[in-house]
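Make the full structure from the sequences, and use the hints.
The sequence shown: position 135 = 135 (this note's numbering), numbered continuously.
Honestly, the hints are just simulated from the structure, not real lab data. Some hints here could point you the wrong way.
[As the list claims (entries may be wrong)] So the derived label-pair ranges between C-beta atoms look like this:
no.	residue 1	residue 2	range
1	165	7	37 to 43 Å
2	183	13	44 to 50 Å
3	190	11	47 to 53 Å
4	45	190	44 to 50 Å
5	123	3	27 to 33 Å
6	72	102	32 to 38 Å
7	31	74	32 to 38 Å
8	132	8	26 to 32 Å
9	35	126	47 to 53 Å
10	132	77	17 to 23 Å
For each residue, glycine too, the CB sits at the ideal point set by N, CA and C.
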Amino acid sequence: FFLKLGQYIQVIRDRDWSSSPPYLRLWRYQRDAPFLSKDFSVAACFRDVVPEAKRPPPPHWIFISPAGASTPLHLDPWHFHAWFAQLCGRKRFLLFHPRDIARIANGREFVNPHDPDLSSFPGFADAEPLDVTVHPGEILYMPANWAHDVHALDDTVSLTQNFVDARCWKAIRALYLRFTLGKIARAAEGTTEEEEEEEEEEE
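Structure follows, in structure tokens:
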């Protein structure tokens, strides 16, 4: 169903969301309310190295949620860095260094760090997460390939953006080349990506 932003905010204020809280995730407000972009500017250290003429404007996302809303452990795509600004309320992050990836992930499945299944993720006991609480007015920098789990401690409003700097640009180019060559190879062989993944699992 569809709610206007004001209606959604009223809903999360008027009820106790101790379970299954509604979470407005990844709102690309630049499309719906571009005037909001006038309220801030991106610091030079967080700006893309890719020339604007060769890329679309970097998307910013707003997250709005009641206390208790969460985003499970995951990696941001394409080796992107991210900055995360907390505007209202507090959010708790569990951040995992890339060296821990084999301990916290099994293929595309990630462990639940709050209730870990050690039979499926036996190495999790040796992982060393950083436990960070971001307060209103603070900005968290998340380097590329750092897995993170996020939990709202209060009613929250957050702003975030992925970006590319010189350190991750080469990795992104290599990943894009691999992706493109994979599509060409599959087209030549008459196979699909799903069939290729099944063959890899069988091996």
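| message | Let me make sure I understand: some of the numbered hints might not hold for this structure. Which ones are they, in numerical order? | response | Numbers 5, 6, 7 - these are the hints that the structure violates, sorted from lowest upward.
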